[in-house]
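Colleague: Listed below are the residues making up each chain.
2 protein chains.
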Amino acid sequence: MTGYELNRRFERSLLNVWPAGHSQIYPELARLSEAELIRQSGSGARGKKIYEITPAGLEEVRAWLRTEPDHASRNPAFLRIFFLWLMEPDEAIGFLENEALVHEAKLLEFQEIASQRQRQDDEAWAFGLALEWGIRYEQGILEWNGWARKQIADRAAASRIRRGRRTGRHCPDERV
Amino acid sequence: MTGYELNRRFERSLLNVWPAGHSQIYPELARLSEAELIRQSGSGARGKKIYEITPAGLEEVRAWLRTEPDHASRNPAFLRIFFLWLMEPDEAIGFLENEALVHEAKLLEFQEIASQRQRQDDEAWAFGLALEWGIRYEQGILEWNGWARKQIADRAAASRIRRGRRTGRHCPDERV
Chain A
1 MTGYELNRRF ERSLLNVWPA GHSQIYPELA RLSEAELIRQ SGSGARGKKI
51 YEITPAGLEE VRAWLRTEPD HASRNPAFLR IFFLWLMEPD EAIGFLENEA
101 LVHEAKLLEF QEIASQRQRQ DDEAWAFGLA LEWGIRYEQG ILEWNGWARK
151 QIADRAAASR IRRGRRTGRH CPDERV
Chain B
1 MTGYELNRRF ERSLLNVWPA GHSQIYPELA RLSEAELIRQ SGSGARGKKI
51 YEITPAGLEE VRAWLRTEPD HASRNPAFLR IFFLWLMEPD EAIGFLENEA
101 LVHEAKLLEF QEIASQRQRQ DDEAWAFGLA LEWGIRYEQG ILEWNGWARK
151 QIADRAAASR IRRGRRTGRH CPDERV
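In the order they appear, the protein sequences are chains A and B.
For the first sequence, the numbering used here gives the first residue as 1, with consecutive numbering after it.
For the second sequence, the numbering used here gives the first residue as 1, with consecutive numbering after it.
It should be emphasised that the hints constitute simulated quantities derived from the structure, not laboratory data.
Incorrect hints may have been included.
[To be verified] To spell it out: a stretch of chain B is covered by chain A in this simulated footprint if at least three of its residues, at any positions, have a beta carbon under 8 Å from a beta carbon of chain A; those stretches are:
hint: 1; segment: 76 to 84
hint: 2; segment: 115 to 125
hint: 3; segment: 132 to 138
hint: 4; segment: 142 to 151
[As the list claims (entries may be wrong)] Straight-line Cα separation of at most 30 Å, DSSO-like style, residue types lysine-lysine; simulated pairs:
hint: 5; chain 1: B; residue 1: Lys150; chain 2: B; residue 2: Lys106
hint: 6; chain 1: A; residue 1: Lys150; chain 2: B; residue 2: Lys106
hint: 7; chain 1: A; residue 1: Lys150; chain 2: A; residue 2: Lys106
hint: 8; chain 1: B; residue 1: Lys150; chain 2: A; residue 2: Lys106
hint: 9; chain 1: A; residue 1: Lys106; chain 2: B; residue 2: Lys106
Glycine included, every Cβ here is placed at the ideal spot set by N, Cα and C.
Next up, chain A with everything else stripped away, as it sits in the complex (with noise of 0.2 Å):
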């Protein structure tokens, strides 16, 4: 595979749980084929250079496989539901309409990739694992999301009710 095809494969996979930039790519396939994880298997067109894993590589993966994994994952969009409180009503409805615009496009894209898989071998089979849980995520959070929106504008709805109901009670005295 080149450092191409990695980087496409890459996009439409890992990158969604593990965001890294093109340009990370060159010199850390340098630094693998440095230390002997990948080498170089042959070259393409243009002089590209193909590389495949070497065994002790696969036996890194292997071991990285069999430690404890880090639980912690952090998600800057959803960190802001938690200051939802500090915007009115109609911006955080704003917000989270923008979000689920970015949902739904992540669903759209991750339904038409299950549609068009064709690769049947083991690495297929484990991205379709993924890729089923991506579907959920999205269209799970997507429920969530249009629930909170109500949440929000019922509460902004009771909330005019209660100031009407105020100022219905204080019109009296006013005129006195």
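For chain A, the structure is supplied; the task is to place chain B on it using the hints.
Modeller: What follows is chain B alone, placed relative to chain A:
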């Protein structure tokens, strides 16, 4: 609020989407105080500093809320799913069983927090929106986890049957 109280509240809320260590909170409070985004509003027992947000600090938070959120999200534990095909089926199922324990504990924690909620202010209300997603997320990933384990077990069983059939076909040849 003191640094200690802030840490306690952080652990039960933001830590789930924004991993940060205990050691970061006091230097961060000093930095925010220096920038006049928070100020010391009093002293507690044993000389503890009590902080409150300043109007400038609140404006800073509101300005941040109006910026475009970063949708990249890093999930080191889920990253492993893409590499499950490098594990033996039993190992992969064992990994998912451990993951399920982690998510079951998290779900229980979230449900307990939801059942104990007493504060009714705006901040607690927004926290309730986030908490609802936390509960749905943990329930969703547990359902997916059970589904994925079944996929792995079914695939391993199908593979054993295929291997058995092949062995069956080879037996007569060997006997010839």
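Colleague: Work down the list of hints and note, for each, if the structure agrees.
Modeller: These are the hints, each one checked on the structure:
1. 76 to 84: holds (count 9)
2. 115 to 125: Answer holds; 3 residues pass the 8 Å Cβ test.
3. 132 to 138: Since 4 is at least three, the answer is holds.
4. 142 to 151: Held - the segment 142 to 151 of chain B has 5 residues with a Cβ nearer than 8 Å to chain A, which meets the minimum of three.
5. Lys150/B to Lys106/B: holds, 22 Å
6. Lys150/A to Lys106/B: With a Cα-Cα distance of about 26 Å, the restraint between lysine 150/A and lysine 106/B holds, given a limit of 30 Å.
7. Lys150/A to Lys106/A: holds, 22 Å
8. Lys150/B to Lys106/A: holds, 26 Å
9. Lys106/A to Lys106/B: holds, 26 Å
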